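Peer 1: Chain by chain, the residues:
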Amino acid sequence: MKFTGKNVQISPSAIIGDNVRIGDNTVIYDNVVIGDGSVISNNCIIGEPTADYYTSESHQNAKTVIGKNALIRSHAIIYEDVHIGDGFQTGHRVTIREKSVIGNHCGIGTNCDLQGYLTIGDHCHFHSEVHICQFSAIGNFVFIYPGVILANDKHPPTEQVKGPTIGNFTQIGIQSSIIGNIRVGENCFIGAASVLTKDFEDYSFILGSPAKRKGDVRELKSDAGEPLYPWKNRFSRGMPWQD
Amino acid sequence: MKFTGKNVQISPSAIIGDNVRIGDNTVIYDNVVIGDGSVISNNCIIGEPTADYYTSESHQNAKTVIGKNALIRSHAIIYEDVHIGDGFQTGHRVTIREKSVIGNHCGIGTNCDLQGYLTIGDHCHFHSEVHICQFSAIGNFVFIYPGVILANDKHPPTEQVKGPTIGNFTQIGIQSSIIGNIRVGENCFIGAASVLTKDFEDYSFILGSPAKRKGDVRELKSDAGEPLYPWKNRFSRGMPWQD
Amino acid sequence: MKFTGKNVQISPSAIIGDNVRIGDNTVIYDNVVIGDGSVISNNCIIGEPTADYYTSESHQNAKTVIGKNALIRSHAIIYEDVHIGDGFQTGHRVTIREKSVIGNHCGIGTNCDLQGYLTIGDHCHFHSEVHICQFSAIGNFVFIYPGVILANDKHPPTEQVKGPTIGNFTQIGIQSSIIGNIRVGENCFIGAASVLTKDFEDYSFILGSPAKRKGDVRELKSDAGEPLYPWKNRFSRGMPWQD
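As they're listed, the protein sequences go chains L, S and Z.
Here this note's numbering is used: the first residue of the first sequence is 1, the next is one more, and so on.
Here this note's numbering is used: the first residue of the second sequence is 1, the next is one more, and so on.
Here this note's numbering is used: the first residue of the third sequence is 1, the next is one more, and so on.
Each hint should be verified, as a subset may be incorrect.
Heads up, the list lumps identical chains together, so a pair's fine if it works in one copy or across two of them.
List time: in silico EDC-like cross-link candidates among lysine to aspartate or glutamate, alpha-carbon distance up to 20 Å [said to hold, decoys possible]:
{"hint": "1", "residue 1": "K162", "residue 2": "D223"}
{"hint": "2", "residue 1": "K214", "residue 2": "D18"}
{"hint": "3", "residue 1": "K232", "residue 2": "D243"}
{"hint": "4", "residue 1": "K212", "residue 2": "D52"}
{"hint": "5", "residue 1": "K68", "residue 2": "E219"}
{"hint": "6", "residue 1": "K162", "residue 2": "D243"}
{"hint": "7", "residue 1": "K221", "residue 2": "E159"}
{"hint": "8", "residue 1": "K221", "residue 2": "D153"}
{"hint": "9", "residue 1": "K63", "residue 2": "D86"}
{"hint": "10", "residue 1": "K212", "residue 2": "D202"}
{"hint": "11", "residue 1": "K212", "residue 2": "D122"}
{"hint": "12", "residue 1": "K232", "residue 2": "D18"}
{"hint": "13", "residue 1": "K6", "residue 2": "E201"}
{"hint": "14", "residue 1": "K232", "residue 2": "E201"}
{"hint": "15", "residue 1": "K154", "residue 2": "D216"}
{"hint": "16", "residue 1": "K162", "residue 2": "D30"}
{"hint": "17", "residue 1": "K198", "residue 2": "D223"}
{"hint": "18", "residue 1": "K68", "residue 2": "D52"}
{"hint": "19", "residue 1": "K99", "residue 2": "E159"}
What the hints contain is simulated information worked out from the structure, not anything from laboratory work.
Computed from a predicted structure; not experimentally measured.
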């Protein structure tokens with residue numbers, strides 16, 4: 001009995017693709033484009049205007065694009081001037097602020113908070129309760145686990161500063177903090193509750209507070225003695241190399 | 001002026017008990033059963049369908065049961081195929097995914113995120129912002145404090161794996177991480193911001209990152225020299241041994 | 001196209017100031033006062049009743065006051081018996097429970113959870129995902145960053161106990177835990193992921209788990225050799241000393 005159209009509000013300037021379904025109590029504001037086959041579930045706000053809207057009489061919503069075959073679960077808030085590729089999926093209550101650019105086939109979990117002015121590549125998956133600061137740059141195939149926070153300043157407060165850069169295939173364990181204009185390389189694994197405030201090279205196994213390079217991820221073995229990283233060799237669900 | 005029935009939507013197949021009150025903008029989907037005397041507040045979704053719903057034409061919501069005298073506060077999302085006992089209370093914006101089984105007299109705080117495929121016993125209380133991974137098993141009288149995360153893999157990503165098991169009466173301090181198929185015994189106390197990746201025996205006082213057994217909880221004393229644990233001997237509010 | 005008045009519900013006993021705008025699906029309960037020029041965005045609940053409401057036939061909502069020129073973003077829940085000064089701003093999904101007193105020109109970020117029975121001074125800014133326990137007392141010009149938790153007991157569970165006191169101008173870094181009836185002085189800087197369980201004097205640079213005083217903040221220098229704290233000397237955006 002979902003998608004009855006109850007209390008749905010869609011701007012006349014929104015462009016809604018074919019076979020799009022929109023849940024109860026959802027609002028789609030001006031200049032939003034939703035790709036074919038997408039689902040926007042209940043109680044969402046798509047095209048939320050930025051602060052300027054509240055102070056300027058002449059505010060015009062910037063174009064906001066959600067690609068084809070998205071599944072955006074309930075209570076999501078996606079701002080104007082966000083551009084998202086195809087195959088996007090979210091959990092509930094996701095917040096994605098303005099000037100976020102997200103690639104294809106990404107997933108953003110429940111309660112994630114993306115602060116805008118950031119880029120995320122393709123095939124990234126953020127689990128629940130991940131916070132990404134402004135001016136972050138995240139590569140492709142980056143997985144981030146619950147409670148991780150990326151922050152853009154080591155000695156707050158400051159004016160806006162650049163956030164972290166995360167290399168392709170890197171995995172960031174739960175509750176970790178990644179702070180400042182640092183670069184974490186490709187194919188790294190960051191253990192739980194680590195606190196990073198400096199650069200790390202590719203293939204680093206990173207752990208601790210303050211975080212240190214504990215070794216090369218290619219040396220990590222499972223209990224059965226199998227190599228764990230690069231994880232591309234042992235995990236394929238939803239990835240392009242899945243059969 | 002609550003419970004005016006404004007913009008409430010209830011499936012014809014839902015079974016609503018006597019003296020149930022339902023808040024504005026709440027949706028109750030197919031095959032939900034709500035026990036007598038329960039309150040479902042505003043903007044909730046009860047019986048949220050699983051992902052299969054979006055891809056299958058023939059999806060039928062599994063039965064979802066909320067027991068008697070529940071108080072579910074606003075913006076909660078409870079999936080289909082969740083079974084909850086009597087006297088359940090929540091804060092706001094709770095998420096409880098499918099195949100969660102929760103006992104009697106439990107409380108789940110604001111912004112908690114229960115990922116489903118998990119069991120929780122009786123008289124458990126989770127404070128705000130607690131994240132429980134899939135395939136966790138939590139005993140009776142377990143209290144979990146804000147910002148705690150249970151996660152089911154030490155070396156992600158992997159296919160679905162078993163989460164932690166938490167023994168009866170154990171208390172988990174704020175911001176702690178409990179990771180993998182480990183067993184934390186009964187009557188343990190885990191100090192704030194601990195990171196657990198191995199088993200701990202009953203009555204352990206657990207602290208640190210990585211967490212270590214610092215002693216027996218029965219040796220911990222208050223500033224006044226009174227024993228603190230087992231806490232059952234000094235705390236009774238809402239517990240069966242009250243009065 | 002915001003503020004069309006769609007599905008808005010306002011109690012007859014609420015007092016709404018001049019030039020107030022209220023978003024879709026928002027509910028304003030009894031005895032709420034909203035100051036001139038304020039914006040309450042979509043899907044908010046203002047004047048949410050306390051638990052007593054659900055068990056007592058005679059519950060009367062206490063007066064709730066939001067000052068002039070507030071901007072409260074969507075999905076906020078503000079309880080009855082909250083008093084907030086002028087120039088208040090929030091992110092999305094903020095929760096502010098009963099008996100919270102908040103001064104002028106404060107900002108509370110997305111997903112923040114203020115548990116009530118607390119005081120916050122003027123010009124405080126909490127970034128996203130901050131949790132403040134009951135019986136906390138926060139001074140003026142305190143900035144708290146994402147994922148910080150203030151908790152009121154070191155050895156839970158206990159009956160209600162006093163929470164932390166935070167001095168004017170103190171900055172609390174991401175993911176930190178501040179636990180118990182402790183006092184953090186004025187002009188302190190707490191580094192990321194610190195765990196505080198004891199008092200700290202004014203001007204302390206605090207770091208670690210358990211947190212220690214690492215020095216005087218006045219000795220901290222930027223990469224360019226400039227003093228960082230007191231931060232009042234180098235940061236003015238939105239502060240009374242701007243211009």
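Peer 1: At most 20 Å between CA atoms: does that hold for K221 and E159 within a copy, between copies, both, or neither?
Peer 2: Between. Shortest inter-copy distance 17 Å satisfies the 20 Å Cα cut-off; intra-copy 43 Å does not.
Peer 1: From the Cα coordinates, with 20 Å as the cut-off, is the pair K63 and D86 best called within, between, both, or neither?
Peer 2: The answer is within: 16 Å in one copy meets 20 Å, while 33 Å across copies does not.
Peer 1: From the Cα coordinates, with 20 Å as the cut-off, is the pair K212 and D52 best called within, between, both, or neither?
Peer 2: neither (42 Å within a copy, 42 Å between copies)
Peer 1: Quick one: K99 to E159, C-alpha cut-off 20 Å, is that within a copy, between copies, both, or neither?
Peer 2: within (18 Å within a copy, 33 Å between copies)
Peer 1: Can you give me the call for K214 and D18, within, between, both or neither, at a CA distance of at most 20 Å?
Peer 2: Answer is neither; intra-copy 51 Å and inter-copy 60 Å both fail.
Peer 1: Go through the copies and call it for K162 and D223: within, between, both or neither, with a Cα cutoff of 20 Å.
Peer 2: between (39 Å within a copy, 15 Å between copies)
Peer 1: Since the copies are identical, ignore which copy is meant and state whether K154 and D216 lie within 20 Å (CA to CA) inside a copy, between copies, both or neither.
Peer 2: between (26 Å within a copy, 17 Å between copies)
Peer 1: If the cut is 20 Å between Cα atoms, do K68 and D52 qualify within a copy, between copies, both or neither?
Peer 2: between (29 Å within a copy, 18 Å between copies)
Peer 1: If the cutoff is 20 Å on CA atoms, where do K6 and E201 land: within, between, both or neither? Let me know, please.
Peer 2: neither (52 Å within a copy, 53 Å between copies)
Peer 1: At 20 Å max between alpha carbons, let me know whether K221 reaches D153 within a copy, between copies, both or neither.
Peer 2: between (35 Å within a copy, 14 Å between copies)
Peer 1: If the cutoff is 20 Å on CA atoms, where do K68 and E219 land: within, between, both or neither? Let me know, please.
Peer 2: Result: close neither inside a copy nor across copies, 40 Å intra and 54 Å inter.
Peer 1: At most 20 Å between CA atoms: does that hold for K232 and D243 within a copy, between copies, both, or neither?
Peer 2: within (13 Å within a copy, 53 Å between copies)
When held up to the earlier numbered hints, the structure conflicts with 2, 4, 5, 6, 11, 12, 13 and 16 and fits the remainder.
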